[in-house]
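Student: Guided by the hints, dock chains B, C and D onto chain A, whose structure is given.
Chains as they are written, first to last, in the working numbering: chain A, 134 to 319; chain B, 7 to 447; chain C, 4 to 751; chain D, 684 to 967.
The hints are simulated quantities; they were obtained by calculation from the structure and are not laboratory data.
It cannot be assumed that every hint is accurate.
[As the list claims (entries may be wrong)] PhoX-like mimics (lysine-lysine), calculated; alpha carbons at most 20 Å apart, straight line: (1) C:250 to C:335; (2) A:319 to D:830; (3) B:149 to D:705; (4) D:895 to C:250; (5) C:681 to D:830; (6) A:252 to D:878; (7) C:250 to D:959; (8) C:335 to C:170; (9) B:240 to D:928.
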Amino acid sequence: MKRFLLYLTVAIITFTIGYNINLIYFSDRAPEQPINFSHKVHAADNSIPCLYCHIYADKSTISGVPSVQKCMGCHKIIKTDSPEIQKVVSYWEKKEPIPWIKVYNLPDYVYFSHKRHVKASVPCQRCHGDVAKMDRITRQTVIFGVPFLRVSPLKMGWCLDCHKNGAKEFIGGPVRNGTDCWTCHK
Amino acid sequence: MSNISYREVNDDVVRTMTETGRSYYIALSLCLVGIVITFGLPWVYQIYTGQGVTGLHSPAYWGVYLTNFVFWIGISHSGTLLSAILFITQTPWRRSIYRSAEAMTFFSVVTAATMVFVHMGRPWNWYWTFPYPNQRELWTNFKSPLMFDVFAIGTYATASFIFLYFGSIPDLAAVRDRVAGWRKSLYGALALGWRGTDREWDLLQKAYTFFAVFIIPLAVSVHSIVSWDFASSKIPGLNKTIFAPYFVIGAIYSGSAGIVTLMILLRKAIKFEKYITHVHFDKLGILLVVMSLLWTYVNITEVFTGWYTGTSYELESLSYRMFTTPFAYLFWLMIACNTFFPLLFVFRKVRVSIVAALLISIGINIGMWIERYLIISTSLPRKFLPNMWRDYFPSWVEISLTVGTFLFFTLLFLLFVKLWPSFSIYEIKEDIGIPMEKKGH
Amino acid sequence: MLNRRDFLRVVGIGSAGAAAGFALAELNAPNPARLIPYLIPPEDIIPGVANWYASVCRQCGAGCGIVVKVMEGRAKKIEGNPIHPISKGGLCARGQAGLQVLYNPGRIKNPLRRIGERGKGEFQEITWEEGLTILSKNLKELRDRGEGDGLYLLTSPISGHLKLLLKNFMNAYGSSKYFAYELINYENLRFANNITFGQNSLPHYDIENTNLLLSFGADFLTTWISPVNYSYAYGHMRQGRPGLRGKVIQVEPRLSLTGANADEWVAVKPGTEGLLALAIAYEIVEGGYYKGEDRGKWLAALERFTPRDVAKVTEVAEERIIGIAREFSKTKPSLAIGGENVSSYENGVSNLVAINILNYLAGNNIGISGGIIPNRDIEKSSFIPVNSLMQDASKGKIKTLILYDTNPVFTTPGAVKVEGQLKNIPLIVSLSSFMDETTLLSDLILPTHTYLEDWGDNFTEPSVGYPVATIMQPAVNPVFNTKSVGDIFIHLARNLAGVFQKEIPWTDFGAYLQASWKMVYNKHKDMKEIRETTFEEFWNNLLSKGGWWKEESQAGKKVYISVNKITPYLPKGPASFDGDDKDYPFYLTLYPHSSYMDGRGANLPWLQELPDAMTSVVWGTWIEMNPERATTMGIKEGDVIEVESPFGKIYAPVCLYAGQRPDTISIPIGQGHKFYGKYAEGRGANPLDLLPFKVDERTGAVSHNSTKVKITKTNSPGRLVKMAGWTKELGRDIVQTITPEEFQVKEG
Amino acid sequence: MAGFLDRLLERFKIYREPGYYKRYDYWWAMVVDLDRCTGCGACVTACQAENNTPVVGEEESGKGRVLNWMRIERYVEGEYPDVKVKFIPVFCAHCDKAPCEVACPVYATYHNQDGLNVQVYNRCVGTFTCATYCPYDVRRFNWFTYKDKGSFESPLDEQLNPDVTVRTMGVMEKCTFCIQRIVAAKDRAKDENRKVRDGEVIPACVQSCPSKALTFGDLNDPNSQVSKLAGLPAEPYYLRESGSKLAKISKNPRAYRLLEDLNAAPTIIYLKRVMKGSSTIGHE
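Excised from the complex, chain A in its bound form (with noise of 0.2 Å):
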């Protein structure tokens, strides 16, 4: 009886242990993307601005995925006998835009601009990781290896780390009004 109890107890312990691990630090892992799209190549090796293809960054709340029309400009003749190219014609041809996954979600009540943040200089690595080392998007740091920790938590208190000291780097100061609640959500 008294042995169950603590079979019981370890159990439901390393349970939430282990739920609350791959919440916090597993979710939103990588996901495959309908295209193998790599940032790497895009914005290290060829040296892409991310505003090049992310053309709403500083115009909108939202950063804005490229059109396939703003695929097709370069890929016409860059890289045609690519297979992953091959995908992204034939989604032109289709006449169907790319269902993208969406890796950095932001809940509904939370108001977040793209362009409040663009226009206070703050580089989109900040958040967003180094994606110029990305093959594909992620969220999490790696590690020899091993997917960890991901860049960015999207929780409250680590926006209010940035608008209270971080944002110093930036706007020298902290950010106005930045710690009233109404200033991000809605």
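Tutor: Chains B, C and D in isolation, oriented as in the chain A frame:
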């Protein structure tokens, strides 16, 4: 009482804990099933569906749940407070009733606390009402009367539990010495190694006296703070300076009546007629008369001053409470229960009549429940803008949960009677005196 | 404590637990959200930033300019177009709820063909190609049989180029049977204006600049003609002119929202408003305020209507009539208008004529600012008395009936029995966005775009003293598999080929509209008001501005009213009511509900939940009754009563309302739908069921204040859902007021 | 001693003040001209459209649980035939001494730097205290998960404003003065490195009002429409003080605040209706 021997006392108390009849189990299981049906399931339903299952609406955002909350806090009042006051004033008849009364305090605070969670729109975030450091820089609002409540009730529950526990240590030790099996280890742990040395008795006495003194202002403050939940609003019918004393008096009143009811039921249930006698009901009866007069006085003050302000706000709120059906019925029933029937206690014959005491004390508690219900549900539906006026009546969920609180309280008490020495062995012995020595002389 | 084996077990169980927890979290992980990019990014659209499209509101006939907020292809909000001369940036609740027309769950999603018995509601989804083929085949056969005149087209009174297109189509087809019907119409008013002012259009009532508005039952703040514009005008009249505050006197048996805002309420006996107007006219002439040469003639014509005599009939005190007459003549400018309530009596036209002449007699308020500014004439309305249509139906003349945006089954008096008559028609085609009572009876349902998905235009009538044309453009892509009405007819024309191709050569309605506007531009481009040099520029401005208007007020022409000409049209006595006074003691006045109008808004949940302005009732029909009268009859608020007229009966709960004459009960029109989506169905009662069929043959307008009723208390269940708890202020100074005198002094 | 008492008095007064800002960046306020207001209800629907407030249905409406953030109150004076009906739109007054703000145990409602009384849905635990303390009865509670109850039945949900969250069950909500529009305007202003102009922020109700009875703007700015209409000088912080009377500093004889004696310092200023026969001018 002096014809009772010490052994008999020990036996009687331990008997209540070890000998369990079938009726006890039946009562216990009825209670458990009842709680699941009247409290558990409706609450789960409410959490799942939302507060919409209640009868609450705009502007009557407070209803029966808070009525119950105040009622149970009120009930909690007398136990510990009475025990402490009587202890300090060295009143002898306190001894055989105070343990149960203190337990009553603790349990009704616990019951009241459940109502807080039931009342909340998002009870799963209950811990947000506590100030704990966090990365999100969120803090609680210490200006809020509800925040006062969190601390007042938290402190009160803790203090009254400690008071109850300290007083029980010698008895727990006594029980420990007379039982075997798991009970022995349980009470062994609980008795904290009590051996009954003089030094221990001395320390216990000091600590107990300290808590008795400490708990009196605390108890007064708790119910004052509960009243400020209402009184610090601007709402006509709630914004009353008299509310703090009114609530404290009402609380002691209902608590005392609660003790009377409980004692009558308890002495019957565990056959303790020889320890709880007419003497106790006689004294408690006098207390009730006094409290009844005080309550009536404060009630009249409240109504009178409200009426005399002559403002439309107060007049509408009062006339809604006193002269508009169906609340008028409740109001005058309350007056009957709380002002007139208790006056019968002036007669000794009534005081010592167990049946009369039971009926009147139950009446007082019904009256006091109605009082809280009327305060809430006749004030909020008559706020400042008549366009929003709308009557409030509880839904079946609220009524069911209300019944559930009584069952919950009963359950706690049933467990208490079985697991805790529900009468103070050593103090009853004090009451008996020292028969051996007396014999010698 | 723990031995080795236990320790290992604990480790084992622990890691198993952790793995299970991890796995469960993995399984519980929400499905990843998708990021769908544009295929080709539209220019000018930034995701997350709203686009605004100017258009026109079609929730009533007023033609308010609107702007629609669109984000990511979805309409989010409708607001009044701030530069539009009709709406001036404002928009009523009905207009706001246009979004729920667009996104209504009750919309018809695909073309439907009836498979079961008519009226059973059994339909089969078909493709557009099939649907249009069925119709064009039928039309072809009909024409080939030489029965082209058997094609009937019944629409709501639409304006603009759509009307032109429909007309062209019908002409090309060889049918003259293009009609319009709507319960709440202004045909009587047009007719009366033609008699008095010699113009058949609705004039611009310049409420904005008037100093005394004498309104006979015109609820211009909620439903009458152009409520948003009139509300703006009302606000301006009251507080928009420093030091000047216009006064409003409202004459009506039931205190409407406009009455509540008026300074004085004259609770006239129903049906005698015209006589009251004549008495005022008499006093104006008699008191010497009318200075025309034909004063004697007028006096002779009006001599039967002395205030003393009329006071008895109207139950308005003689002194009050005289007082109003004097005030009306002395205040300049003053304006008398006759509204829905007045025109809906059986003698509606005469009442309106009587009211119109007040404007003439009291110093000729016509053509001046603050008075009546006539518009240009419009072509004769195609409005039809629905009974003549029904006669045609019963005679079998109607071979094919095409219905668009009209619901005669619901909006005609119960005595007409439209439902039965429609049975005689071989083919009924309904072009409708919603399954309503009439659509349910049709054989072929071709679902149409709502106005937020469609092209179109609107020539506002009445305008605001200068012509206003508003463009309707699709703000969003069609939500369902629907088509524009224009497109349907263009498609039909293509299917029918032949002469149609010449008449209607366009590929779609948008192209047609643009081509039509090009013609308009070419015709008028030399006007100084048109600054654009090319049509493209003009068209783009049209779309971005929302329309075209001249932006300057026309000076109206003065009119002369000849007594002899007008006399035959004056009311002879009180309006007649069906049902004798003994059996039917109450007058029944029906009024369009401020949110649902004639019932079309009842399927919009926002409007259902918008408390009625006067009684705050939501989600149902109610019967307004005078509280004292109700008490004497033992009726309490919320009691369901039976209202019986000689023609039918309905049941609805009573709402006590002090602004109600004791001898009158009022019921709003709009609820009581049998089929109209889940928000409207089976809700309340349709008071039109109580009505006889009385129609002014000259205008086709149905009279809906034409019967008396009796009421009986019943024990039927029913509920009155009122939002307001209490309507007494109890001296709490909630709505504070100052008197006009104090106001004048303080404003100085 | 006197100095000590003065200091004490100051603390005594300050403690009960809910605000944290001595001065507001903007002081958003609304002026309601009751003489223009016709009671038509356009604002109510406009608000519902803008702010994703659910439709609750007949049953719940009957229980008094409509979620509309604003309402038109109607008061009927007199008996037939001398009946006067008066209308007053009531919304959250964004009181500067808001009773709700001190009531909330978790700071789910507080005054922000723009003079707004804001409600943080995420923080709310649903004690109902704010709504109970509110003298104007403008707070609304999410009794259910309205989404599940079919209030936004597809495709009605396509209309939901993405700038406003759909509140979850168990939280209080209320008029925000269309804070999403304020945020957007401030965002625009920041791009252009300027302050928000007068008339740039128009809440849905103000925008829709056909008779232009509502005006919205910044009380800090003496040239704003609201300051002019209310007849107030620049930065009328006097209005926030205990027992302050609008009539004392307003140049407009018609200006008043609803239930001013309750000392909640509401930021909505009503202009009295001009009406025959009754006057409340003597009551000041």
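Student: Now look at each hint and say whether the structure bears it out.
Tutor: Hint by hint, here is what the structure shows:
Distance check on the hinted pair: residue 250 of chain C and residue 335 of chain C sit about 11 Å apart at the alpha-carbon level, within 20 Å; holds. Of the supplied pair hints, the one linking residue 319 of chain A and residue 830 of chain D holds, its CA atoms being roughly 18 Å apart against a limit of 20 Å. For a cut-off of 20 Å, the pair hint linking residue 149 of chain B to residue 705 of chain D stands: about 18 Å separates their Cα positions. Proposed proximity of residue 895 of chain D and residue 250 of chain C is supported: the alpha carbons are some 18 Å apart, at most 20 Å.
With a CA separation close to 17 Å, the supplied pair residue 681 of chain C and residue 830 of chain D stays within the 20 Å bound. Note on residue 252 of chain A and residue 878 of chain D: the hinted pairing holds, with a Cα-Cα distance of about 17 Å set against a maximum of 20 Å. A distance of roughly 11 Å separates the Cα atoms of residue 250 of chain C and residue 959 of chain D; the hinted pair therefore holds under the 20 Å criterion. In summary, the hint linking residue 335 of chain C to residue 170 of chain C is not supported, as the alpha carbons are separated by about 44 Å, beyond the 20 Å threshold.
Using a Cα cut-off of 20 Å, the hinted pair residue 240 of chain B and residue 928 of chain D holds, with the two alpha carbons roughly 18 Å apart.
In this structure, only the earlier hint numbered 8 is contradicted, and the remaining ones agree with it.
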